[in-house]
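Asks: The listed protein sequences correspond, in order, to chains A and B.
For the first sequence, my numbering begins at 2 and goes up steadily by one.
For the second sequence, my numbering begins at 2 and goes up steadily by one.
It is worth saying that the hints were derived from the structure and are not from the lab.
Watch out, some of these pointers could steer you wrong.
Copies of one chain are not kept apart here, so a pair can be met inside one copy or by any two copies together.
For lysine-lysine, the following DSS-like pairs were computed, each having C-alpha atoms within a straight-line distance of at most 27 Å [unchecked claim]:
id, residue 1, residue 2
1, Lys60, Lys129
2, Lys225, Lys129
3, Lys53, Lys129
4, Lys225, Lys60
5, Lys225, Lys44
6, Lys44, Lys60
2 protein chains.
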Amino acid sequence: MRDLSELLALAEAYEQDLPPAALRLTPPSADALAGWIDHTLLKPEATAEQVKTLCAEAKEHGFATVCINPVYVPLAAGLLADSDVGVCSVISFPLGAHSPDFKAAETRFVIHAGAAEVDMVINIGALKGGDFSLAFEDVEAVVETAHAEGALVKVILENALLTRREKIIACLLCREAGADFVKTSTGFSTSGATMEDVDLMRRVVGPEMGVKAAGGIRHWEDAKRMILAGANRLGASASLTILSEAGQQDVNR
Amino acid sequence: MRDLSELLALAEAYEQDLPPAALRLTPPSADALAGWIDHTLLKPEATAEQVKTLCAEAKEHGFATVCINPVYVPLAAGLLADSDVGVCSVISFPLGAHSPDFKAAETRFVIHAGAAEVDMVINIGALKGGDFSLAFEDVEAVVETAHAEGALVKVILENALLTRREKIIACLLCREAGADFVKTSTGFSTSGATMEDVDLMRRVVGPEMGVKAAGGIRHWEDAKRMILAGANRLGASASLTILSEAGQQDVNR
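The whole structure should be built from the sequences, with the hints applied where relevant.
Replies: Rendered as structure tokens:
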């Protein structure tokens with residue numbers, strides 16, 4: 002990492018005055034929308050049958066990935082091997098309270114089992130406690146492991162638990178560590194994605210990185226708002242509803 | 002595992018008619034109460050400073066363990082090395098959706114870092130989907146790993162997500178796998194410990210195993226009810242309140 006004090010000075014400047022949004026996204030047509038969505042099933046009671054259904058839906062509609070818990074990665078990877086749908090899994094989810102070594106080991110484990118993308122939870126306690134070096138090491142360990150295997154990394158900040166300053170610092174740490182995306186929420190905390198957070202994240206990380214909005218996105222209206230705010234990937238369990246609403250709107254146009 | 006069909010037949014019999022409670026517990030005096038409690042801090046935003054405070058409180062009052070996330074095990078183990086307070090950590094927490102191999106690896110990791118007890122989450126999706134062999138393998142993998150290192154295993158069933166039949170089967174699987182305790186809840190689902198569940202768990206596992214009640218235990222009245230129902234260990238974040246209320250009652254007696 003470059004000098005931490007430099008990064009904190011930049012965070013302080015951004016706290017006063019966010020950089021302009023250098024990327025303006027337009028919501029896609031209903032036909033292209035599925036490619037923006039991680040079709041998600043992370044609830045602990047999800048069964049193998051439900052994961053099979055999720056994978057079949059993802060193939061039919063062309064979702065970007067299925068986003069599932071680690072135990073189901075081999076099943077989904079087998080079912081999706083002959084398709085363009087990727088397998089996305091989650092690391093240290095949903096609490097983020099593991100060491101960098103352990104997060105790297107979990108990353109290796111799910112990638113070897115067939116995941117092409119991993120959504121890791123940042124060390125939230127380290128951010129809250131001001132141990133930014135540890136928060137950075139954590140992201141760096143996962144990014145190095147995943148990139149060596151050709152997989153993408155999204156870093157979940159869990160904005161519901163962070164101050165504005167902590168969100169800005171987290172985005173800068175993720176960019177510095179070479180993460181591919183920052184992601185708003187796990188969907189398991191007190192609140193999910195907000196337009197304000199997505200806008201802040203997009204401004205701080207700039208146009209080159211990805212911003213994934215997740216948590217509480219249940220309708221096409223929610224999805225459009227998140228994309229207009231700067232998200233280029235969405236995580237949703239209600240993906241079929243969102244697609245159907247988008248299709249309906251195209252018909253009515 | 003003995004024949005699964007034998008175990009399912011026993012579960013069916015218990016569903017009709019639970020065995021009598023063969024162990025009657027009496028709530029301890031205020032002085033002895035701390036030894037029944039895992040002093041718990043599992044929220045994702047917990048900082049190192051808060052864990053230090055937790056450990057100091059545990060030493061002062063003589064709690065059974067501190068129950069913390071994996072990232073803080075080395076810190077707590079260092080702080081508690083010269084005390085009788087154990088370090089308890091959590092495995093596949095709070096979703097339980099990892100493979101047996103991975104849960105065993107996480108168990109080894111936290112025990113080598115200093116944990117003497119591990120609270121693992123059972124494969125809830127496997128139970129809901131009727132894949133009882135997988136649910137069993139999972140518990141067995143963690144029990145074998147932990148026992149080889151001299152550590153205890155508590156298996157969290159997350160009762161809020163289970164039917165009565167699934168709770169009974171889960172208890173029988175845990176007993177069969179040699180687990181030390183069954184535990185009601187993670188504290189991160191839709192509800193926590195209930196007297197009815199603790200009673201069911203105690204009846205099914207019998208007098209030899211432990212039953213840990215956790216989730217929503219905030220007062221001495223809650224704690225007493227759980228012990229009378231059959232719990233011999235409690236998990237609580239509000240442990241200091243509970244101790245203080247118990248002490249007050251002794252004074253007023």
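Asks: Could you figure out if Lys44 and Lys60 sit no more than 27 Å apart (CA to CA) within one copy, between two copies, both or neither?
Replies: within (21 Å within a copy, 37 Å between copies)
Asks: State whether the alpha carbon distance between Lys225 and Lys60 is at most 27 Å within one copy, between copies, both, or neither.
Replies: within (23 Å within a copy, 53 Å between copies)
Asks: At most 27 Å between alpha carbons: which applies to Lys53 and Lys129, within, between, both or neither?
Replies: between (38 Å within a copy, 15 Å between copies)
Asks: Within a copy, between copies, both or neither: which one fits Lys225 and Lys129 at a CA-CA cutoff of 27 Å?
Replies: neither (31 Å within a copy, 35 Å between copies)
Asks: Give the relationship of Lys60 and Lys129 under a CA distance limit of 27 Å: within one copy only, between copies only, both, or neither.
Replies: Cα proximity of Lys60 and Lys129: across copies only (25 Å, versus 40 Å in one copy).
Asks: Tell me, please, which holds for Lys225 and Lys44 at an alpha-carbon limit of 27 Å: within, between, both or neither?
Replies: Cα proximity of Lys225 and Lys44: one copy only (25 Å, versus 32 Å across).
Of the numbered hints stated above, the single one contradicted by the structure is hint 2.
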